[in-house]
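**Student:** Can you build the whole structure from these sequences, using the hints too?
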Amino acid sequence: MTNLPLWFIPLFPLIGCILLGSIALVSSDSKKGPSEGFVGALSVLFPALAFACVVLLSVNMPEGGIRATLCNWIDIPMLKVDVGFLFDSLSRIMLLFVTGIGTLIAIYSIGYMHGDRGFARFFAYINLFLFSMIVLVLSDSLLLTFLGWEGVGLCSYLLIGFWNHDINNCKAANKAFIVNRVGDIGFLFGMLLLCTLGGSGILNYDSLNHFINMIMGSGNAEIVVPILSVVGICFFVGCTGKSAQIPLLTWLPDAMAGPTPVSALIHAATMVTSGVYLLARLSTLFVQIPLVLDIITWVGLLTAFWAAVAGLFQNDIKKVLAYSTVSQLGYMFMAAGVAAFDSSIFHVFTHAFFKAALFLGAGAVIHSLAGEQDMRKMGGLLKKTPVTACVMIFAFLAIVGFPGFAGFWSKDLILERLYMSGPMGPFFYVVGLLTAVITAVYMGRLIVMTFFGSYRGSKESEAHIHEAPATMLLPMVVLAFGAIFAGYLWADSIGVKFFEEMLAPVVGSAQQVLTHNAAHVNPMVFAGLGTLAALLGMGIAWAKYGKARIPEAKGSSAPQGKMATWTFFWDYVHGVVITVVNAVAWVVENCVDRLVQFVQWLVASIAEILGDGAAAFQVRKVRLQIALSIAGVVALMIVVLLTGGLI
Amino acid sequence: MLALIYFIILGVIAVGSALCVLLSKHPLYGALSLVVSMLSLAGIYGLLGSPFIGVVQIMVYAGAIIMLLTFVIMVLNAAKDGKTPMFDKVSLFVIPAALVLSGLVGFVLVRSGIAFDATAVRGSVKLTSETLFNVAQEGPGYFVLFEVIGLLLLSAMAAAVLMAKKRLGTDNEEDK
Amino acid sequence: MELQAIYVQVLALVIFAIGIIVAVSRRNIFFVLMGVELALNAVNLSFVGFSKTLPEDMSIAGQIVPLFTIAVAAAEACVGLAMVIMIFRNRESVDSNDFTNLKG
Amino acid sequence: MLLHLLVLAPFVAAILMVATSKEDPKSSSRLAFLFALAFFGMSIALIAGGNQATEAVEWFRIPGAKGPVYYYLYSHGLGAWMVFLSTGLSLVALITARNTTCKNYRNFAIGIFALMGAMNGTFLAADAVLFFFFFEAMVIPAAILMAGFGGKERSKAAMTFAIYTLVGSAPMMVALWYLISQADSSLLLSLAIALQNMPEGTQVAILVSFLLAFMVKTPVFPFHGWQAISYSEAPAPLSAILTGAMSKAGVFGFIAWVLPVFPMNTGLVNVMMWLGLVTAVYGALMALRATDSKKLLAFSSMGHLGLAVAGVFTLSEAMLPAVLVLLVAHGISAGAQFLLMGIGERMTGTRELDKLGGLARVTPVFGTLFGFVAVLALAIPGTAGFVGEFTVLLSIWDGVGPVPALVAGLCIILSAAYMLRFVQKVIFGEQKCEISGKRMTALEGSSIGVMGVLLLVFGMHPAFITNALQLFDEQAIENMARLAGEKPAVPTEQDEIVPSSIPGVDAEVDDSLASVAEPYTEEDLDSLKVNLKANGFTEEEIANLVEQLKAMQLEDSAEADAAEPADAVEGGNK
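Protein chains in written order, with this note's numbering: chain H, 1 to 647; chain E, 1 to 176; chain Z, 1 to 104; chain U, 1 to 574.
Keep in mind that the hints were calculated from the coordinates and are not lab data.
Please read these numbers as outputs of a predicted model, since none were measured by experiment.
DSS-like mimics (lysine-lysine), calculated; alpha carbons at most 25 Å apart, straight line:
{"id": "1", "chain 1": "H", "residue 1": "Lys171", "chain 2": "U", "residue 2": "Lys432"}
{"id": "2", "chain 1": "E", "residue 1": "Lys25", "chain 2": "E", "residue 2": "Lys89"}
{"id": "3", "chain 1": "H", "residue 1": "Lys32", "chain 2": "U", "residue 2": "Lys438"}
Derived CB-CB ranges, DEER-like:
{"id": "4", "chain 1": "E", "residue 1": "Leu132", "chain 2": "U", "residue 2": "Lys103", "range": "48 to 58 Å"}
{"id": "5", "chain 1": "U", "residue 1": "Lys22", "chain 2": "Z", "residue 2": "Asn90", "range": "30 to 40 Å"}
{"id": "6", "chain 1": "U", "residue 1": "Thr266", "chain 2": "H", "residue 2": "Asn60", "range": "51 to 61 Å"}
{"id": "7", "chain 1": "E", "residue 1": "Val110", "chain 2": "H", "residue 2": "Gly632", "range": "22 to 32 Å"}
{"id": "8", "chain 1": "E", "residue 1": "Gly106", "chain 2": "H", "residue 2": "Val622", "range": "20 to 30 Å"}
{"id": "9", "chain 1": "U", "residue 1": "Lys103", "chain 2": "H", "residue 2": "Gly632", "range": "40 to 50 Å"}
Glycine included, each C-beta is placed from N, C-alpha and C at the ideal position.
**Tutor:** What follows is the structure, encoded as structure tokens:
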């Protein structure tokens, strides 16, 4: 089985997508729609097959990874790119949890999407997403990664706008796609710059690393570094778009308009982390350009802090989780910014479990409350939906970094690396720790408002509250286990370094380029401080929201006043840009186009007036006209004779 | 010398009858003057050494076209229209213009200095028919053109019949 | 004094001018037709006259073309007279000024 | 033979269509489908057949010209693909028009066939006068169809269209006449030779009048006045052909007639490139504000073609295949969008964006297709549009610099914005209008679906398009030289005219694998050098760096040689 071709992995979801898409299309005219059991089985089968392939391949993966060039893709002068796959330890990790969580969420969705008219369509999109994500992770060149990169953006668009009869969902979807497009252009320009720098060959990751090492080794680093920095910034812009970092982060909270499994799969676990993946993939490039790394750290820091604070103000359960995702992504970027790519990937890994579990739990809550998302109308669900509550509480403990849970290990590691990263390290560390406290506060608020206290919704809706079906609970439980135990792959404090060693072939050499000799601090100190931060945050949350009366829910769940200003700050910034573009468009339509039209009209009218003037001679007098033409010939003759022609 | 005398005689007749056309009141007189003009022109053709054209001129023009014209004039009673003035304001404008034009052209012609070429071929029946109908010779030839002209005449005839048929029929019945 | 080529041309010119004058200045539609015939005749004469100024083979064309002109003139007279008849029945007039149907 | 058939047979087909019944669209549509299918098949055969030419037949002589005008058809990859577009779009247009213009389907089909013949002639003509003849002839059936089958303001639209395009190419006619009065014949080669002997001012004047005609046809920014109204008032199938195939005649003219013939001066090239970019931005901004769906599509295709024009005038090495892929992709996707919008207009009776909406729920198949095609038009990677746009961006960056490329990137963002707005307004949201007209039939849906699949296929394997590309091969040039009365061996002139000004003629480069594994070939070094220079390094530093790179490469290749057996062993183990 070791000879399993790599292209099997993306093939299965692709087949699934085509099959399900055809089923959806064929059955779209019938009233009832296709059998849900059949569609559900198909839709789980293909991601599961892909997962099985990944498992088989990763068990037998040789040290250097597997490379396979499938065929030629683009072959024109200046641009020769092949379709090729690269299966190494980095893509192995990513693929394992992408396909694994993808399968789980497909199972969950069978329950969640039950009875929806677009059942088959939904799963076609999910399979398409998995295909794109697998291509993104598995490809061996930037261009093919870009295929996946835009592909996941497209699926995100399709799934956010899944319930497309509501125009607001469509707007959220449009926003997600366009903001991502802005980032994608950054990615595109990065590729273009690389192409013009070293030919299209270096779009391949291996050749790129080779190229950079060679240029750096040649001793003329300072010539190339400015260009490489621009390249790095371009790619980073792409990452900020996809991973919702400042300034391109506004789309992610809005993206919660999609079905909850989508939020769990795409907007928490997999797609949004592809930016981190790209940073790790290009680690060889990034470690050569410390300036860009600094920018990344600062952006990550600001994003983490800002989103954590914004998370405090949300009343919508999914929005809280969305801001939490943004904040956690900020952590990952901070880690990448200090060249700790392995720990950022590790956080991606653990985060995928606990955030997916949180989202699925939130989905179960929303499902049981028949679509209610406002936390002010929840409360006391612990007794009514115990399994969901347990899963969410475990995941909560993981995200706040409670000792022993997955988040503890990864967040701890990041904070430690931040501290050690150089002169600014302690500052980064303090802000990171502060953010961790805020994280604990808003997550605690979520848990308290949802599961503790008494139910605050209407009486008649209380009777309908029920635990989610088994198809939904099973994946949640599995993910909860992941949220507890995934961290032990790299429990630094107790000396397990399995994850680090696994990633070493890909990012290890790059990380060694930037090593800082900061004073060695006992890791237990960091662990203790981290625990303290989590406990402090939980305490604040319990003290503030546990007893206090939650204000009556009125109006929309969006924050008001100063909170809104904070939350929507970047929306305002985007609004300015959009306004400018619209203003330019207005000017173009109303001034430039009018001007062009006017010139056109002017020419036409002049021609018309001249024509009318000429036509005035044309009236009803044939004989007169003949006479005139004779006179004209006479005049011509005279002119010719006088000017000396003919003679 | 003799040719010149003949030419002058014929030319004067031609121009004179042409002027008659211009000045005659009734179209019938005009048509008859036109016949005279045609005949004298046919004579000039013969004088110039193109007898075939002269014969055709007599046959087609004088014989056919003008006869047709006179026939129509006679059929239409109102052809002599007393109310229609012979000349009007436009005429006063046209006559000088045409005269000046011909004067100018004549001036240029006189200055151009053309002369007869002794080797010019006589346009006999034999030569004309050979030239017209020889399909074997190089170049486009006149044969196709000749056939096209035949078609043109046929279609003109058809058109004339179509246009005039109905009205003439009723008209004749009314007259009787 | 021999017959000169230019005499023929001058004669053609005079007849042409008279033809044009007849065609344009007379208002009776029959005279218009006759003027056109006159002008065509003048052109024929000019053709033949010019053809005689050319050497051997080149002089043939100028004597063939008048044949075609005559044929076309016949067609023209045919159609023209038919039209005259038609218009006359409609308008009861042979005054060309009454025939203006052209909208300007 | 194929070439003759493609150019002349459509006219014969148009005449044969007269024989069918005017009232009964059934019989006439069957015949029309049959013909269109046959032409489509021929166009595929043409692409598969590679470069081919007919015997040059002397057509007529223009007074004042030295040489005769030939009826001489020549098919290179570019023209063949354009013919593919024209026949393919005509086929689908005839299919969709079947349910739209029931009344007078026969006349519509006649017009479409005449248009197709003229377009094929334009794309295949190897003689400048023949090209011009067909270039002008295209306008007439298009304008007649527009006036006969269009919307409310159809006569105004047809008038604007005809006058604008005909007036636009009038200067070209004069310039062409002057050019062939100087050249030995009206074939490409002799035109180029004649141009070289002219004073600079005359050259520029002739060039500008050529450019003007093509700019109006494309259309490029200040000359786009006819476009929006024509595309929106014309019946949708016709708009699809107009934008998908006819507007390509402009870009085709730039590539096949301007670049090889004229010695370009940099100033003019830059102006054209910027005009293309301005067109792209302008089209995108106008599309962003359009309220009429067909106007939106019109401006969108204006934006794409602007990008293509900008790409052409970068004169970079990758320009030709890049632009060709972009053109084919745009032709198919814009054509499909117009056709779909036509079906939508038929169903709802309106094309105002504000009155449409919610079609995805009412007619899910239509909605799916609509969304699918819109996504393809967005140039998502994996579609032909992406390959085209990316490579055009690459050639812009490579040929001119980063600033124009940034502007082009802005267009790509804007295109996402307006296209998504379009999709949202038409198929998403609440349903605002009743479905009154005939729904999409299976034949229409599947034919448009096939267009979409084609885009995906070309996107994943653009070699289908780029491999066919060989603008002028040796034989054609020899042939032209022979006709022009020149000896075939005029090396200096040929060298200057043909390969240098048409970069990327040779598409047969199979060493792509090697170049991936070993990215530092001489070319790469050269391009690196140029780039470093552009970024402000001194000659000395560059030379230094290049030296070191070369040295390293030697070492590396030695290492690679050593490493290769190891790899092989590893592969065996797998």
